[in-house]
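Once you have looked at the hints, place chain B on chain A.
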Amino acid sequence: MDIEDYDPDADLMALNMGPQHPSTHGVFRIKLILDGERIVKAVPYPGYLHRGVEKLCEKLTYVQITPIFDKHDYVAPMTNEQAINMAFEKLLGLEVPQRAKVLRTILAELQRIASHLLWLGTFTLDIGGTIGGGASLMMYTFRERELILDLFEALTGCRFHYNTHCPGGNRHDVPEGWETVVRHVMDTIEPRIDEYEAICDSEIFLMRTEGVGLISPDLALETGQSGPVLRASGIDHDLRRDAPYHAYDQVQVRVHVETAGDCLARYKVRVAEMRESIRLVRELLGLLEPGPIVGSKPIKSLVQFKASGGQVYVGIETPRGELGTYLVGGGDQRGAAPYRCKIRPPSLHAMSVLPYVLPGHQVSDVVTILGSLDPIMGEVDR
Amino acid sequence: MLDNPIVWAFAIGGPLITFLMGGGAVATWWERRFAGKMQTRFGPNRVGPQGILQPVADAFKMMQKEDIVPRAADRTLFNLAPIFPPFLVIASAAVIPFAATVDATGKYDPTGAVAELDIGILWVLSMAGLMVFPIWVAGWSANNKYTLLSGMRMVAQGISYEIPMVLCALIPVIYAGSLSLSDIVAYQHEHGWIALSLSPSMFVGAAAMLLFFLTSLAEANRIPFDIPEAESELIAGVMVEYTGIKFGIFMLAEYLHTIVAAALTSALFLGGPSPLFGPAGPIAGLIWMLGKTLVLFVLIYWLRWSLYRFRSDQLMDLCWKVLVPMSLLLVMLAALMVAGGFA
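The listed protein sequences derive, respectively, from chains A and B.
Using our numbering, read the first sequence as starting at -3 and increasing by one per residue.
Using our numbering, read the second sequence as starting at 3 and increasing by one per residue.
Here chain A stands alone, though its shape is the one from the complex (with noise of 0.2 Å):
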């Protein structure tokens, strides 16, 4: 409904969530038609975040893009990187190593968790209010993420935009001692995924979630979601499983599937896909070979890799779903460049259920809604 629309003898009420707004994670605006607390009609507003990362990334090369990335989905910086530089290999033909394999899919799995406990602290903030009980839980989840931030900074000096992955492999390898500090801190963390857990299972928590957000499987399927809210809707689909990449071959991934496609069910899956991360990040250690990380010369110039033409599309399985990123080749710089660069967030899909699930709704429940598909206004608008 457009604001030409509004018929104010109709006794709706038009409210607009956003762009400022403490709850729409990050600067994203829905426009809310109500009846009185009932919601009639909700058109998302995304783009407010918008900084043409796709056309900056004709105008960079190969190697400079990689850090542009991780400003993308800025919760999950490193399976953003990964999502790049696994498609400049398609494009580029490189072979990365086995140990740069298994070391990225830890890394992956690693960012996995931090980000599902990212989420689960924000989650419970938008049910529980940022004074109240989802404060303490978000606390106590960005204790644990900080420790999955301080491995990254012990393996690449940053905390969060890493920039470890280059064409051909990795950039940091493993510090000493570093596996082992691994196996403590997910030995830490498994424990306090049962803490979590015990803490939503609380009534409030389940009649806050319990049948809220719909999304049934075809509607999961017609507005493209991938990723935990897919599973949750009821889809047995995961690239990992699916369409094994880099390690996940060498393992057994286990993929949590819920049929009810609530908000609970979002928060069952997400908190399981933690578990089986943990499972996974024990299992890849005992894959990690010594050997080379990259496969490629050293990098010494920025117009070091170049394509003349050629278009790849890579898909893989981020914390929030088939992150795509679709590729041509030879664009500036003689060919150092790509062409085209084209992103498939999983969010931004994620938000598109919004107008058909918010409807029928209570106000109170536009931010579980919003919050239990995990979007990151980064990658939304790119």
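Hint data in this document are derived by calculation from the structure and do not stem from the laboratory.
EDC-like cross-link-like pairs, simulated, lysine to aspartate or glutamate; straight-line CA separation at most 16 Å:
{"id": "1", "chain 1": "A", "residue 1": "LYS67", "chain 2": "A", "residue 2": "GLU50"}
{"id": "2", "chain 1": "B", "residue 1": "LYS147", "chain 2": "A", "residue 2": "GLU33"}
{"id": "3", "chain 1": "B", "residue 1": "LYS147", "chain 2": "A", "residue 2": "ASP31"}
{"id": "4", "chain 1": "B", "residue 1": "LYS109", "chain 2": "B", "residue 2": "GLU192"}
{"id": "5", "chain 1": "B", "residue 1": "LYS147", "chain 2": "B", "residue 2": "ASP76"}
{"id": "6", "chain 1": "A", "residue 1": "LYS338", "chain 2": "A", "residue 2": "GLU50"}
{"id": "7", "chain 1": "A", "residue 1": "LYS293", "chain 2": "A", "residue 2": "GLU91"}
{"id": "8", "chain 1": "B", "residue 1": "LYS109", "chain 2": "B", "residue 2": "ASP185"}
{"id": "9", "chain 1": "B", "residue 1": "LYS147", "chain 2": "A", "residue 2": "ASP7"}
To be clear about the criterion: a stretch of chain B counts as covered by chain A if any three or more of its residues have a C-beta under 8 Å from a C-beta of chain A, and this derived list gives those stretches:
{"id": "10", "stretch": "35 to 42"}
{"id": "11", "stretch": "223 to 231"}
{"id": "12", "stretch": "309 to 315"}
Built from N, CA and C at the ideal position, the CB exists for glycine as well.
Chain B alone, transformed into the frame defined by chain A:
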């Protein structure tokens, strides 16, 4: 000279208001420290020892802030609304007996209230009922959709939760046979605390206390019943457009409300200044009363930092489908207890 009610009101009311205002300020600091300990962080610890002077710093900060009135707001009502919440809360505290005297014949006489009203409990409940109006006026006058929604929620919640609250407050009245809070405390000193006596009436009393405590949480807008200022969706509820000290006054009123709710619950159901053991003099009574209030106060904040929030429709469901029938049942049971001679 203290026999003069006006002199008495000034002699007791002055310290009471000072205590409540100071308590409200300390409560903000204490809550943040407490929440910090719960959440594996520090909380305010910079201003003064252990950060105890943080409320002073906050008050100065809020006084210095620019006082903004939105252009489209109803200016008079907007400026008038923050005055009433603290006034109403302090007024409702006027009839709570904070101490007790024992004369030579051993007669126990709860005292320390600013005004010894025969209809004390009606006074408290009517003040609590009036609380809805300033919040609604604030929500309406700011001319903001978020505050409007918040004010609507407050009216719905306030009116609904008043019913079980009043019904539960009736149970001590039925037991003691008086509307005066002093008489209720005196009754509890004689027969044991309503929520903790060793008679069959105890179960009714304990259940009534639980319900009364829950509904007064709702009246005071505490989690899990704080949907009028649900910051997840309504940002800050009716306080969205208030800046500076007006915002501060609203916040202060909230903290005062929790203190008064805790004091009222302890007076009605936990015997107020009546001791569980030991002497029953004025000083001991004051200590017991403050101790009970503090325990309930801690409980309120413990709940606040542990629980999630209901949705507004679920809140109404809980009130009308669970709390109202239960409190009606409790009133009937209490009447049967009294008729059967158990209480």
